[in-house]
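The listed protein sequences correspond, in order, to chains A and B. When you read off a place in the first sequence, starting at 1, and then add 3, the result is the number in our numbering. When you read off a place in the second sequence, starting at 1, and then add 25, the result is the number in our numbering.
You may find that some hints are simply not true.
Subject to a maximum C-alpha distance of 27 angstroms in a straight line, what follows is the list of computed DSS-like cross-link-like pairs (lysine-lysine) [as the list claims (entries may be wrong)]:
hint, chain 1, residue 1, chain 2, residue 2
1, B, K160, A, K113
2, B, K114, A, K113
3, B, K215, B, K114
Just so you know, the hints here were simulated from the structure itself, not pulled from any lab data. In this text the structure is predicted, and so the values were computed from the model without any measurement.
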Amino acid sequence: MQQLGMGQAVNQALREEMMRDPGVFVAGEGVGVSIMDNPMLPTAGLLRDFGAARVKDTPVSEAAIAGLAVGAAAAGLRPVVEIMFNPFFTLASDMIVNHAAKLRYLSGGKSSFPLVVRIKSGAGFGAGSQHSHNLEAWLAHCPGLKVVMPSTPADAKGLLKSAIRDENPVVFIEDMTLYFAPGPVPDGEYLTPIGKADVKRQGETVTVVTWSKMLGVALKAADRLSQEGVELEVVDLRTLAPLDKETVLSSVRKTGRLVVLHEATRTGGFAGEVSAVVMEEAFSCLKAPLRRVTGPDIPVPASPPLERFYIPDEEKLIAAIKEIL
Amino acid sequence: MHVSKEKKVEMLRTMLLSRRFEESLTELCKIQGKIPGMMILGTGQEAVGAGVCAALGPDDVIITNHRSHHHLLSRGAEPRGLMAEIYGKRTGCNKGKSGTLHLAVPEVNALCTTTVVGAGLPIAVGVAFAQQYRKESTATVCLFGDGAADEGSFHEALNLASLWRLPVLFICENNHYAGAQRYEEHTRVKDIAGRAVAYAMAGEVVDGNDALAVYAAVANARGLAVAGGGPTLIECKTYRWRGHGESDRQQYQPKDEIAAWRQKCPIPKLRDDMLAQGLVTPPQIQQMEAKIHEIVQDAVRFAEDSPYPRPEEALEDVFVH
Numbered sequence: 004m005q006q007l008g009m010g011q012a013v014n015q016a017l018r019e020e021m022m023r024d025p026g027v028f029v030a031g032e033g034v035g036v037s038i039m040d041n042p043m044l045p046t047a048g049l050l051r052d053f054g055a056a057r058v059k060d061t062p063v064s065e066a067a068i069a070g071l072a073v074g075a076a077a078a079g080l081r082p083v084v085e086i087m088f089n090p091f092f093t094l095a096s097d098m099i100v101n102h103a104a105k106l107r108y109l110s111g112g113k114s115s116f117p118l119v120v121r122i123k124s125g126a127g128f129g130a131g132s133q134h135s136h137n138l139e140a141w142l143a144h145c146p147g148l149k150v151v152m153p154s155t156p157a158d159a160k161g162l163l164k165s166a167i168r169d170e171n172p173v174v175f176i177e178d179m180t181l182y183f184a185p186g187p188v189p190d191g192e193y194l195t196p197i198g199k200a201d202v203k204r205q206g207e208t209v210t211v212v213t214w215s216k217m218l219g220v221a222l223k224a225a226d227r228l229s230q231e232g233v234e235l236e237v238v239d240l241r242t243l244a245p246l247d248k249e250t251v252l253s254s255v256r257k258t259g260r261l262v263v264l265h266e267a268t269r270t271g272g273f274a275g276e277v278s279a280v281v282m283e284e285a286f287s288c289l290k291a292p293l294r295r296v297t298g299p300d301i302p303v304p305a306s307p308p309l310e311r312f313y314i315p316d317e318e319k320l321i322a323a324i325k326e327i328l
Numbered sequence: 026m027h028v029s030k031e032k033k034v035e036m037l038r039t040m041l042l043s044r045r046f047e048e049s050l051t052e053l054c055k056i057q058g059k060i061p062g063m064m065i066l067g068t069g070q071e072a073v074g075a076g077v078c079a080a081l082g083p084d085d086v087i088i089t090n091h092r093s094h095h096h097l098l099s100r101g102a103e104p105r106g107l108m109a110e111i112y113g114k115r116t117g118c119n120k121g122k123s124g125t126l127h128l129a130v131p132e133v134n135a136l137c138t139t140t141v142v143g144a145g146l147p148i149a150v151g152v153a154f155a156q157q158y159r160k161e162s163t164a165t166v167c168l169f170g171d172g173a174a175d176e177g178s179f180h181e182a183l184n185l186a187s188l189w190r191l192p193v194l195f196i197c198e199n200n201h202y203a204g205a206q207r208y209e210e211h212t213r214v215k216d217i218a219g220r221a222v223a224y225a226m227a228g229e230v231v232d233g234n235d236a237l238a239v240y241a242a243v244a245n246a247r248g249l250a251v252a253g254g255g256p257t258l259i260e261c262k263t264y265r266w267r268g269h270g271e272s273d274r275q276q277y278q279p280k281d282e283i284a285a286w287r288q289k290c291p292i293p294k295l296r297d298d299m300l301a302q303g304l305v306t307p308p309q310i311q312q313m314e315a316k317i318h319e320i321v322q323d324a325v326r327f328a329e330d331s332p333y334p335r336p337e338e339a340l341e342d343v344f345v346h
């Protein structure tokens, strides 16, 4: 099996789908010629191999980039556009939230908008809050959008291929630290279904629900706790919207304990939604109060010790787990 | 530019239809409980919809805004479907999901109506990109008001369309009011079309109450666009006879200003020209008006007789399954 970083896996998905469907094109800031000349990045080499007609470098115009996707999708193409950093999504948000997400409904089901908005996200680069603010909960709050946030290169490839073939708008959020962490990716063609969580580690004691980069934190904590006889079941949501309630609920019904872990800030974070679903539908199975482990309610700071404090780690997760054992 | 008799008749007919349709709405929306939501009308601005749509081919696309009825009727949307949608009925063109403000009629390539001011422009850029990508000989038209030219999306869209030479026509229907703000109160720029210079594209001001002038400008710009010459910004100067919506008492619009613009009504302008040239006779016009009256009455009857959607139909049409 090949070993790829998530950026390379995304790159492979883009290439395969561009070869499969001439209606697929890629657009965004630096998707062709980039200030980051690194083969681990998702759009590396696409311009060379697919040409300027299908790999469109755009001006610094996030609303126009997202509008390009909405209009081109309405007209029958399959755009894959990139928003360089998650906080810049706010500049594109009208097109995504008010248009990509709503226009099919407003047409009474006559139109469809098969587009993908790839967003690079995550703290850990010392870039500070205007480059490193995870906003997946905002997006998951908008009916009409599918929100995907993979944690492994293999999932990223299969999910992106599914996203490109999906008839609905999909927001695909990639944590940039994962670009540089190689993992196994199956050879050949495969699709990973959107809306299906994945149990990344089975265990009996506590369910940890997480996604994206925090999967690594959960798995490390699971290794350590296993030595103490505490077996974590780690559920990787992979897709936030639509939420795979069944996988979450069946795990909680088995373990009776839940911790939800995400990097994004706490208040209004998606852990609240996961927790509410469990309280509504599996309350009687809970042996202890659930816990959320999240970033604190602050903008992401720049200085290394401050940023490390912001990003949840194994220590914080293990502490939360021990509170409910 | 020579304009054929058929085109002139088409424009006159669509202006009369739009006028009758909206005059009916003015009356109907006064009746408590009949029509939900806002009622935003383009009465007096019909030459823009008529002139623009007469210059387009069937595969061209239009993207319009909250003041859309005359655009959509001129584009050939079914009055029954529009009226039923405005009533919130299940038989509406969008099954009651859009109401008067977001009417989408993809059957006639009116792909989207957006009420977010200025938001149509980036979407039109995307549609035009698809047309260019597929090497079609088609163009996209985006209709927006003068207020939209103050939005960031206007500038992003014009810049990108110009950069990529996209086949898109940006048509500013300058009715001199953005909400309660007079044109002079929201920008110091004399002509919005002048902003075309900033994006290295063609720009033109036309009399927005002259359907033939609008038609000629759009036909030329469309020719340029499909030949690969890039976008054009056309500003149609017209006037908002009604308030922003029908509940607006227009206290900020001088009465003599409204009266003066009513004198410049686009319908007699074209009609009298056609009569003078012998292209139509007074009885033919009466016949046309009677037919249109019947079409609008039929649309209203259809809307009134149609059922509302079942409440749980609200859950449908979010996603393609």
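A quick look at each hint next to the structure:
Distance hint between K160(B) and K113(A) is fulfilled; the C-alpha atoms sit about 25 angstroms from each other, no more than 27 angstroms. Taking the CA atoms of K114(B) and K113(A), the gap is near 16 angstroms; set against the 27 angstroms cutoff, the hint holds. Distance restraint check for K215(B) and K114(B): the Cα-Cα separation of roughly 43 angstroms exceeds the 27 angstroms cut-off, and the hinted pair is therefore not satisfied.
Hint 3 alone, counting from the list given before, is not met by this structure.
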